[in-house]
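Its first residue numbered 1, the sequence shown is counted upward by one per residue in the numbering used here.
FYI, nobody ran anything at the bench for these hints, they're computed from the structure. Accuracy of the hints is not assured; some may be wrong.
Stated by the list, open to error - Straight-line distance between alpha carbons at most 20 Å, and here's what the computed EDC-like set of lysine to aspartate or glutamate pairs gives: (1) K29 to E10; (2) K29 to E46; (3) K29 to D9.
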Amino acid sequence: MLILSRHRDESIMIGDDIVITVIDIRGDKVRLGIDAPQEIPVHRQEVYEAIQREDARVNEDNPDSLENKTNQGGGGIGSGNQAPYQSPMLYSNNY
């Protein structure tokens with residue numbers, strides 16, 4: 001794990017097109033701004049884990065789900081037939 005120190009209004013670059021900026025520091029909380037291409041989903045870890053659990057539950061309950069078809073090469077998400085998933089929380093401007 002890479003560990004970096006940053007002050008308020010300083011940024012970290014990931015690759016050429018992801019910028020993480022320290023927006024605010026209040027006590028033990030740090031507010032980050034993340035600027036990433038729209039096709040890259042960005043989630044808090046607990047939200048990501050909830051999405052993964054829900055996806056697993058749906059796939060268990062429905063063997064004919066889009067994700068199962070995709071994993072078998074059947075034209076679901078990621079096959080080029082549909083737009084990529086967009087998180088509703090991805091582009092919040094509520095810093």
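Straight-line alpha-carbon gap K29 to E10, limit 20 Å:
Status holds; Cα separation ~16 Å.
Quickly compare the C-alpha distance for K29 and E46 to 20 Å and report which way the hint goes.
holds, 16 Å
Keeping to a limit of 20 Å between CA atoms, is the pair of K29 and D9 held or broken?
Since the Cα atoms of K29 and D9 sit roughly 15 Å apart, the hinted pair holds (cutoff 20 Å).
Taken one by one, the earlier hints all hold for this structure without exception.
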